[in-house]
Amino acid sequence: MAENFTKGMARNIYYGGSVFFFLLLMGLTFDTMLELPKRDHRENITEAVAEGKALWENNNCIGCHSLMGEGAYFAPELGNVYVRYGAGSEENFEAFMQSWMAMQPLNVPDRRKMPQFNLSEEDVHNISQFLIWTSRIDNNNWPPNKQG
Amino acid sequence: MKFESQSVAKPYFIFALILFAVQIVFGLLMGTQYIFGDFLTEWIPFNVARMVHTNALILWLLFGFMGASYYMVPEESDTELYSPLLAKVLFWVFAVASLATAASYLLVPYAKLAELTFNELLPTMGREFLEQPTITKIGIVIVCLGFIFNLGMTILKGRKTVINLVLITGLIGLAVFFLFSFYNPDNLALDKYFWWFVVHLWVEGVWELILGAILAFTLIKVTGVDREIIEKWLYVIIAMALISGLIGMGHHYFWIGPGEYWLWLGSIFSALEPIPFFMMVLFAFKMVKQRRVEHGNQIALTWALGTAVMSFLGAGVWGFLHTLAPVNYFTHGTQITAAHGHLAFFGAYAMIVLTIISYAMPIMRGRPQGNPPAAQRLERFSFWAMCISMLGITIALTIAGAWSIALQRLPDDANALSFMATQDAIVSMFWVRLVFGVTFLVGLVAYFASFFVGYAEEKVSKPVTA
Numbered sequence: 001m002a003e004n005f006t007k008g009m010a011r012n013i014y015y016g017g018s019v020f021f022f023l024l025l026m027g028l029t030f031d032t033m034l035e036l037p038k039r040d041h042r043e044n045i046t047e048a049v050a051e052g053k054a055l056w057e058n059n060n061c062i063g064c065h066s067l068m069g070e071g072a073y074f075a076p077e078l079g080n081v082y083v084r085y086g087a088g089s090e091e092n093f094e095a096f097m098q099s100w101m102a103m104q105p106l107n108v109p110d111r112r113k114m115p116q117f118n119l120s121e122e123d124v125h126n127i128s129q130f131l132i133w134t135s136r137i138d139n140n141n142w143p144p145n146k147q148g
Numbered sequence: 001m002k003f004e005s006q007s008v009a010k011p012y013f014i015f016a017l018i019l020f021a022v023q024i025v026f027g028l029l030m031g032t033q034y035i036f037g038d039f040l041t042e043w044i045p046f047n048v049a050r051m052v053h054t055n056a057l058i059l060w061l062l063f064g065f066m067g068a069s070y071y072m073v074p075e076e077s078d079t080e081l082y083s084p085l086l087a088k089v090l091f092w093v094f095a096v097a098s099l100a101t102a103a104s105y106l107l108v109p110y111a112k113l114a115e116l117t118f119n120e121l122l123p124t125m126g127r128e129f130l131e132q133p134t135i136t137k138i139g140i141v142i143v144c145l146g147f148i149f150n151l152g153m154t155i156l157k158g159r160k161t162v163i164n165l166v167l168i169t170g171l172i173g174l175a176v177f178f179l180f181s182f183y184n185p186d187n188l189a190l191d192k193y194f195w196w197f198v199v200h201l202w203v204e205g206v207w208e209l210i211l212g213a214i215l216a217f218t219l220i221k222v223t224g225v226d227r228e229i230i231e232k233w234l235y236v237i238i239a240m241a242l243i244s245g246l247i248g249m250g251h252h253y254f255w256i257g258p259g260e261y262w263l264w265l266g267s268i269f270s271a272l273e274p275i276p277f278f279m280m281v282l283f284a285f286k287m288v289k290q291r292r293v294e295h296g297n298q299i300a301l302t303w304a305l306g307t308a309v310m311s312f313l314g315a316g317v318w319g320f321l322h323t324l325a326p327v328n329y330f331t332h333g334t335q336i337t338a339a340h341g342h343l344a345f346f347g348a349y350a351m352i353v354l355t356i357i358s359y360a361m362p363i364m365r366g367r368p369q370g371n372p373p374a375a376q377r378l379e380r381f382s383f384w385a386m387c388i389s390m391l392g393i394t395i396a397l398t399i400a401g402a403w404s405i406a407l408q409r410l411p412d413d414a415n416a417l418s419f420m421a422t423q424d425a426i427v428s429m430f431w432v433r434l435v436f437g438v439t440f441l442v443g444l445v446a447y448f449a450s451f452f453v454g455y456a457e458e459k460v461s462k463p464v465t466a
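Top to bottom, those sequences are chains R and Z.
Mapping of the first sequence onto our numbering: residues 1 to 148, in sequence order.
Mapping of the second sequence onto our numbering: residues 1 to 466, in sequence order.
Hints were generated in silico from the structure; no laboratory data involved.
Since the structure is predicted, the reported quantities are computational estimates derived from the model, not experimental observations.
Check the hints yourself; a few may be wrong.
What the hints assert, rightly or not - Below 20 Å or equal to it, Euclidean Cα-Cα: the simulated DMTMM-like pairs (lysine to aspartate or glutamate) are: (1) Lys146(R) / Asp110(R); (2) Lys7(R) / Asp226(Z); (3) Lys38(R) / Asp191(Z); (4) Lys7(R) / Glu231(Z); (5) Lys146(R) / Glu91(R); (6) Lys289(Z) / Asp191(Z); (7) Lys146(R) / Asp412(Z); (8) Lys286(Z) / Glu3(R); (9) Lys146(R) / Asp424(Z); (10) Lys112(Z) / Glu121(R); (11) Lys286(Z) / Asp191(Z); (12) Lys2(Z) / Glu115(Z); (13) Lys146(R) / Asp38(Z); (14) Lys7(R) / Asp186(Z); (15) Lys289(Z) / Glu121(R); (16) Lys88(Z) / Glu75(Z).
Work out the full structure, taking the sequences as your base and the hints as a guide.
Below, the structure written as structure tokens:
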């Protein structure tokens, strides 16, 4: 590095730059908080959706699946699972979920196994509601197709 | 060793390496489950193995950072550690809590663990990397506060060097941003937004300060280059890290709810994130070229240079590869993310901890000029074995990711393969990854062995000099 570029100058860039961009991040976060309600449709978070999220967390679903592309990549993306298996209606999706969850683990040798979580019918209803709500978050049209 | 109290670092380093071994063993198990889906899943389901793998990583890096800090801060401050006793007590608290948490993952179904630890009172569990029971998270906060207090008091009574200040800033940031792990709203979009305040602001933010400080300290010691020059570089590198990385957080906000301007901000700023890593490469090699001493611990220098190069590849190159929004639209949530994650974590954070261990452990074991030649030779083999293996893992996962995009993401709804069918189609790459995983283990075993060779030789060639 050039001799006339002193340590004091480097220090000032560090302090000035990090403070400026941290404040900018805070400003952008504030703006995002104002915009987010229009995109996440939080008015539709019912008790079932909230309970569904708790069930999603308490069973560590993210340990195998991804949700909006985040999580593990061992099992299918579920942020758009309603689009994939809902066949256009919430009733169809729920019926699919009830039978699918009851079927696990599938008895196919060498296939990745989803454990049997012994969830009640109501639990599966709540998880379904959570996944339906999630699929409707405006996330700039990700994923590219319904396979996730 | 300049000060007696620096030796409290030793148990931290040893325990970090034990957790490193745990991480690798569970990584191999997962690599096998990627090929044989039901391998041992009755006892250790994939999600449990993954929790142990990622949580062991986070914990061993924290132990490594703590050990590094306890070693560096007294020497930099030119005074004994404020309270060696507190450091020892916190070590045992943290080690026991870590082992108990890992054991609970393996022994109790996760939902049961959530119930037993009263997760419903303050739900924080079940989110990626933050799976620890709330009580463990509270423990981590307490340990971090005690740790930072101890270091802060040491710095206050001693010399305030740039390395000390950068290190403590990074550690305080680590503790502060971890507090966001206690915020878990019902709204998934909000939850995800602030989840990144822990994850991104750690690994692409304050951890880079810790990395820079440890690298700068090691380079001062093994090259003998003037502190003024090294500190100037350190300032510029961490300045660029934060200038690019803070708004660079936007690259995580593309597809999880936040508005469209993040597509631009995230792409532009995160495209700058390789710059500090590239500067780190220039810095490390330049300091070695300008070195004023020939330090006997050659392998520590190799680790330092390796950290700069591998972190540039993993965080810089592999990060840039998929950070632009139009590319990320297709790569998001594929094995390309996993490829980047592996090389970046290994190259930047695992290797900087191995660097400081390589430098400090021999000194704490009474060898100021490094381990005997036989031990250094073995450690050098392990360095290359682990680096090459991790590159192999990264390349295999990158191909797997690109391949899956071609089969599953690029075609339209009617022609795209399902996720499970795609995974079957690309299984050959998971075999390649597993093979490199095994060679990584070979490197790790050699690394552990290097701590135990060369004793006899040393005793013969260097009689006691009273």
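**Report entry** Unsatisfied constraints (hint numbers, rising)
**Finding:** 1, 6, 11, 12, 13, 14 and 15
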